[in-house]
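Counting from 1, one number per residue, gives the positions in the sequence shown under my numbering.
These aren't lab readings, by the way, just hints derived from the structure by calculation. Note that CB positions come from ideal geometry on N, CA and C, so glycine has one too. Do not take every clue at face value.
FRET-style restraints, in silico, Cβ to Cβ [as the list claims (entries may be wrong)]:
no.	residue 1	residue 2	range
1	D2	C72	12 to 22 Å
2	P36	S107	14 to 24 Å
3	E98	Q67	19 to 29 Å
4	I82	S37	25 to 35 Å
5	E73	S107	19 to 29 Å
6	D2	R42	14 to 24 Å
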Amino acid sequence: DDEQDALTQLAAVLAVGSQMLWPDDALHRQLVKALPSAVSERIQLAKAENITAQPFDAVIFHGDSDQLRALCEAVAARDGAIVSVQGFARGESNILLERLYIERSLSVNTAAAGGNASLMTIG
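Can you build the whole structure from these sequences, using the hints too?
Written out as structure tokens, the structure reads:
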């Protein structure tokens, strides 16, 4: 891992108001200690071998294609929702922020309300 890539990933995650999940290794522990508390409190560390067992909604990866393939296989093997993976070469910084958002929808069914306003929203 590269410090600049980790900070680029962190900036993208914070820009969309999310939390960061980093592997619990020397590099990432050092970065967490060096960051202001307002930033470090938005970072969770997890053992690298168990990181895909943690809850997360998207992945940003910097590295080579073989590592990316292995990561995608591990992420795809997880139970639950499909998770978006963005793969970049080391040093790339053009992270697609729109892929870090989660779309939620709200359905309003006025025909089914039958006078009970609590039945008007689903979702």
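Status of the hints after comparison with the structure:
no.	hint	verdict
1	D2 - C72: 12 to 22 Å	holds, 20 Å
2	P36 - S107: 14 to 24 Å	violated, 41 Å
3	E98 - Q67: 19 to 29 Å	holds, 24 Å
4	I82 - S37: 25 to 35 Å	holds, 34 Å
5	E73 - S107: 19 to 29 Å	violated, 35 Å
6	D2 - R42: 14 to 24 Å	holds, 21 Å
Violated hints for the displayed structure, listed by number in ascending order: 2 and 5.
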